[in-house]
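Since each chain sits alone in its own frame, please combine them into the complex, following the hints.
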Amino acid sequence: MTGVRVDEAFRCEQCGATWYYDKHHCPVCASHEYGTTELDRGEVLSRTTVEMTPPDVRSPNDLALVRFGDVQLIAQLADDGVSTGDTVEFAGEYRLREGDDKTRPRLRKVTQ
Amino acid sequence: MTDVAISGVGMTDFESESDRRLLELAAVAAERALADSHHDSDEVTSIHVGNALTEALGTGTGIGNALVSELGMEGVAVDRVENTSATGASACHRGIQAVGSDQSEVALVVGVEKMSVAETQEVTDAISQLVHDREYAQGLTLPSFAGLAAGAYLDRYDAPREALGAVAAKNHRNGLANEFAQFQKEITVEEALSSPVVADPLRLYDCCPMTDGAAAAVVSEDGPVDVAAATSATGTHAVAERRDPLEIDSVRTAGERAFEAAGLTPKEIDFACIHDAFTILELLELEELGFYDAGTAWEAALDGETAVDGEFPVNPGGGLKARGHPLGATGLSQIVEVVWQLRGEASADRQVPEADTGLAINVAGFGNNSVCTVIRA
Ligand SMILES: [Zn+2]
Numbered sequence: 001m002t003g004v005r006v007d008e009a010f011r012c013e014q015c016g017a018t019w020y021y022d023k024h025h026c027p028v029c030a031s032h033e034y035g036t037t038e039l040d041r042g043e044v045l046s047r048t049t050v051e052m053t054p055p056d057v058r059s060p061n062d063l064a065l066v067r068f069g070d071v072q073l074i075a076q077l078a079d080d081g082v083s084t085g086d087t088v089e090f091a092g093e094y095r096l097r098e099g100d101d102k103t104r105p106r107l108r109k110v111t112q
Numbered sequence: 001m002t003d004v005a006i007s008g009v010g011m012t013d014f015e016s017e018s019d020r021r022l023l024e025l026a027a028v029a030a031e032r033a034l035a036d037s038h039h040d041s042d043e044v045t046s047i048h049v050g051n052a053l054t055e056a057l058g059t060g061t062g063i064g065n066a067l068v069s070e071l072g073m074e075g076v077a078v079d080r081v082e083n084t085s086a087t088g089a090s091a092c093h094r095g096i097q098a099v100g101s102d103q104s105e106v107a108l109v110v111g112v113e114k115m116s117v118a119e120t121q122e123v124t125d126a127i128s129q130l131v132h133d134r135e136y137a138q139g140l141t142l143p144s145f146a147g148l149a150a151g152a153y154l155d156r157y158d159a160p161r162e163a164l165g166a167v168a169a170k171n172h173r174n175g176l177a178n179e180f181a182q183f184q185k186e187i188t189v190e191e192a193l194s195s196p197v198v199a200d201p202l203r204l205y206d207c208c209p210m211t212d213g214a215a216a217a218v219v220s221e222d223g224p225v226d227v228a229a230a231t232s233a234t235g236t237h238a239v240a241e242r243r244d245p246l247e248i249d250s251v252r253t254a255g256e257r258a259f260e261a262a263g264l265t266p267k268e269i270d271f272a273c274i275h276d277a278f279t280i281l282e283l284l285e286l287e288e289l290g291f292y293d294a295g296t297a298w299e300a301a302l303d304g305e306t307a308v309d310g311e312f313p314v315n316p317g318g319g320l321k322a323r324g325h326p327l328g329a330t331g332l333s334q335i336v337e338v339v340w341q342l343r344g345e346a347s348a349d350r351q352v353p354e355a356d357t358g359l360a361i362n363v364a365g366f367g368n369n370s371v372c373t374v375i376r377a
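First to last, the sequence lines map onto chains A and B. Oh and the first sequence: position 31 is 31 in the UniProt record's numbering, straight run, nothing missing. Oh and the second sequence: position 280 is 280 in the UniProt record's numbering, straight run, nothing missing.
Hints listed in this document are in silico derivations from the structure and should not be mistaken for laboratory results. Note that CB positions come from ideal geometry on N, CA and C, so glycine has one too. Fair warning: there could be bad hints in the mix.
Chain B stretches covered by chain A per the calculated footprint, using a threshold of three residues with CB under 8 Å from any CB of chain A [what the hints assert, rightly or not]:
(1) 134-145
(2) 235-247
From the derived model, a few chain A residues whose C-beta atoms are all more than 10 Å from chain B [to be verified]:
(3) S31
(4) R41
(5) E51
(6) G81
Chain B on its own, in the form it takes in the complex (with noise of 0.2 Å):
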């Protein structure tokens, strides 16, 4: 496979309710990577977009299409990618394969959501339709698997609830010093115990929010940055056939093709972007991908080893917990967020010192699939 690397990123701001329309925010995204970057938009020969919900929400159906117009770029070849909450990263990597594959020579990727067009209910209610038929039958959502597992894992390893108020409260943390990010708020560990039950024992604190934004990336053969890898796993679609629920096969397998891909273990990356849907997420996925014996992850969020100035900085960008979780540009946001750490352009309050090699996984629904990126300096 040809080299790749990331030539260029850039994002909206990410809020709860856009002023800009849809296809507004993914121009705005795609026009600052491009700027990044040392291409121009007439040397651009694909565009992959990354959207989950429009069809859902009635935001219009042909986005990319309708992006490529918006961009005055008509004649591009344009493709649309979508898997659930993993869209954006997924369709980094359909860019990535382009380029790789020397099919496309700069890929253009777009991620873009805007959750706020509809009713809280109504988006929530778009969502749970992820499910399996007969987990939605029992009124199952994606925090109600959250919660399961954040009860099992709590119950097993005899680990207090502050464990997940840390993750919360260090996301937070981050988030503030990310002028990108949705929540710019701290939080301390006791407000996140104290906010509403959600699904016991996970609170409003422990759940991402629902958001509108955008960011893109441009992917060629040279740039400040590379792809160490570029890797996806798929896992069941019905949460319960997990034979033990603390386990995110999706997330497992997906490193570990990430690791052998770019040569590396666990212990010779940086820092990591991690899927905090929900704080007990953080935890699962740092051990399924290695960096956490089981049963550990709880204690180095404690002891503030994942902070940005730890041992392992996860989520300096603040995480979906705090930057936020527009579907589609999720993933995408966490790979702009390791590429400005590894180029040391991050805000001097979340800017991990000395970050060469810098890891991200976005998880589609709860572990249906599993997106993971590595990126090097």
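Bound conformation, chain A alone (with noise of 0.2 Å):
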């Protein structure tokens, strides 16, 4: 995930299949040409409150699995305001764990 931005997945330049989870080759066509695309807005599926977190993550961490077309990520929510269902969208600066170099993205609603 060298360079690739948390709101990034990866796009084919072949056949411009998308994912967001590394993978050595398109997991389509195969071909190693791909760069990144930006992530618009996505479908919360699922969406859970974890209390007991990894002593360098924020407790309570606030987590949703989120359908952006094709591609499905688990992220961290900006609040818990959010229900599945929800259009969510990234946004914001944050530490997703202490200690981090830089800040990141977290997920929030879009209120239409």
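Right under this line is the structure:
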């Protein structure tokens, strides 16, 4: 995940497939030529509040499983006012784990 | 493939903190399995050791070789298997494959873990490193995945939290009847539901403990029970990549392969040892294996169908929840329980009546890899 941002997925330059978790090659066409693409808005499939977390992770840790088109990921929520079915986007600057060298966005609810 | 039998089994007590060293635990289980079999230690041609965490917890490397000397069995072939939480069953399958392919005549399989050597936090951190880097960056742990899956399950099927509590209470009741179990204590559904939240909606009593212990089996061509199938399958490393959060493909595929290899259907299995690292996993795995339709295992749990005296007993030994979860030993302890049940040697309060065929499923990570074993009397 060197260089890729939390709010980016990988996108194949040959076939356009997208994926979030690192692959050696495109999972659809096996091309090694791929770049990144910014994630827009996603739908919350499930959410949880984790009370017992590792020492360098906030507690409670609000998390959501989110679908962005073909891409699904689990990421931290900016606040706990998010429910299953809500639309979310990445925003803001936070340290996801204590000691992180830089800040990254969390998921927050999009209010139409 | 040559017919493969399990000719002896044995295990140590599963405990929060054992007085025995890592290698001592392994040696005790090995001796008990050998004593239970009709083989002497000098007949053993290969040893397969399952251990997941020794390097991460600083209790030595090369433990296969060290165990051989601890047992005074120098000369035998040995290897060590690692497959996170499914290490125990994977090690057993190496022994089954060795005997089945005539590469070994008598295989001794030992799974062991001593998790109390480190602080709880250190062990949790070692385990949490099995997730994908992008999951780790978000602070994800195994309970995080279980919480997300449990929330989705209760939501989709309109199931009550009591169904999860019923799984915990049932497995504790079975653990009470198992003298080797870490927790020999009954709990009520109410106690489970009011225990501290770990990852909403899961609470402390929905989660398995950390455990010290070892379990072993002797695998050879003849014995009182036969291996009908030993299969495994992998799933995605990152849990979010699964299109449906309630599907665990590795469990489903390992199960399908096992039923095909054994020439059996789920209906022909008399009882099962399911990898209930979290109560929700017992429900999901029962559905993925075809024992229950999707969205119905929770009703079976509430109705007592999966109790020892129910239609389809699940985790008669107490499961990971009550027997304990020493990673490298867990899968073997499931197999030990299946063998005891098939031989009619489990304690009266947990003995499944007229059990001829049992299934065990041991799961790595949150479904990264699943290892399925079917054993027949
Ligand atoms: Zn492609």
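Verification of the hints:
no.: 1; hint: 134-145; verdict: holds (count 10)
no.: 2; hint: 235-247; verdict: holds (count 9)
no.: 3; hint: S31; verdict: 19 Å, holds
no.: 4; hint: R41; verdict: 17 Å, holds
no.: 5; hint: E51; verdict: 5 Å, violated
no.: 6; hint: G81; verdict: 15 Å, holds
Violated hints amount to a single one, hint 5; each of the other numbered hints is respected by the structure.
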